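Those sequence lines, one after another, are chains A and B.
If you read the first sequence in this note's numbering, its first letter stands for residue 1, the second for the next number, and so on.
If you read the second sequence in this note's numbering, its first letter stands for residue 115, the second for the next number, and so on.
Because the hints were derived from the structure by calculation, they are not lab data.
This one's a predicted model, so the numbers in the text were calculated from it and none came from an experiment.
Just to be clear, a hint being listed does not mean it is correct.
DSSO-like cross-link-like pairs, simulated, lysine-lysine; straight-line CA separation at most 30 Å [unchecked claim]:
id, chain 1, residue 1, chain 2, residue 2
1, A, Lys5, B, Lys233
2, A, Lys8, A, Lys70
3, A, Lys8, B, Lys233
4, A, Lys34, B, Lys175
5, A, Lys70, B, Lys175
6, A, Lys70, A, Lys46
7, B, Lys179, B, Lys233
8, A, Lys43, A, Lys8
9, B, Lys259, A, Lys34
10, B, Lys259, B, Lys175
Coverage of chain A stretches by chain B, computed from C-beta distances (three or more under 8 Å per stretch; other residues unrestricted) [as the list claims (entries may be wrong)]:
id, segment
11, 10 to 20
12, 59 to 69
Where a beta carbon is used, it is the ideal one built from N, C-alpha and C, also for glycine.
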Amino acid sequence: MDSTKLMKLREESGIKVIEIQTDLSSYAASDLRKVLEGLLAEKVEKVVVNLSQVSHINSTAVGALVGVAKRLRQSGGDLKICSLADNLTRTFNLIGASSVVEIYESENSALAAF
Amino acid sequence: MAQADIQLQIPSAAFYIEPVRVFVGNLAQSLGFSRKRVSDIQLVLDEICSNAVHHGSADEKVGVKLCISIDTHALEILVRDTGRRYTGEKNWLTHERLSEIEMNRSPNNERGHGIFIAKSLADMHEMQPNAAGGTDVRVTFRLPKPRDIEI
Chain A
1 MDSTKLMKLR EESGIKVIEI QTDLSSYAAS DLRKVLEGLL AEKVEKVVVN LSQVSHINST
61 AVGALVGVAK RLRQSGGDLK ICSLADNLTR TFNLIGASSV VEIYESENSA LAAF
Chain B
115 MAQADIQLQI PSAAFYIEPV RVFVGNLAQS LGFSRKRVSD IQLVLDEICS NAVHHGSADE
175 KVGVKLCISI DTHALEILVR DTGRRYTGEK NWLTHERLSE IEMNRSPNNE RGHGIFIAKS
235 LADMHEMQPN AAGGTDVRVT FRLPKPRDIE I
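The following block holds chain A by itself, in its conformation from the complex (with noise of 0.2 Å):
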């Protein structure tokens, strides 16, 4: 099963959104590194990551979103995570992520944050 079907790309005001519509565990994890891959490979600058239909994730997704955070830092851009259940905010904390990279509760306030 290709897991990228269920990660839904968008655009809203110049930036990217993509909404995962799937829990992230290994094989999900190796997916949503391609979709960030591919948005790298197309220049994008500017993304949010919509986790408000996500009820797991492993270290494998954080680090995927954790090194495209660093990545776009680079070239003046940056990636934006929103919308986390209690169990995911957990996660991020666990492995230090929060400090890495910006959390929000909404997607409109981590668009607003650009």
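Please build the complex by placing chain B on the supplied structure of chain A, with the hints as guidance.
Okay, now just chain B, sitting in the frame of chain A:
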């Protein structure tokens, strides 16, 4: 003491981790773990299975074995891989390798958080080389209340 064991074997491919994660989540919920603790158990399972698939398997055919044991006090999960000896690679579980992973772990790193997560969230975490040349990872989660097990 009554004990129930569930044994599973999955191909060494990430695709098969998700259904096992869902199954173990449902099992943990049935055993009375809180929603927060069910999430912890699912995350730990995902991390240790991912390590077994990505670092502890020569190819998809060799498979990863899981033994899930429930007794009156705890849920224990053993994940067993067979290592990569056929590919000429060293077992990924060595003291040097583990120390290196732990010393280098940083929020800025994209990888290397799995063992840290398992150690942090499980009530007990143990890693040992096994006779097959791979690694056994055993994690234990204490049940919120002791319970009778029906076999």
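List of violated hint numbers, smallest to largest
Of the numbered hints, 1, 3, 5, 9, 10, 11 do not hold.
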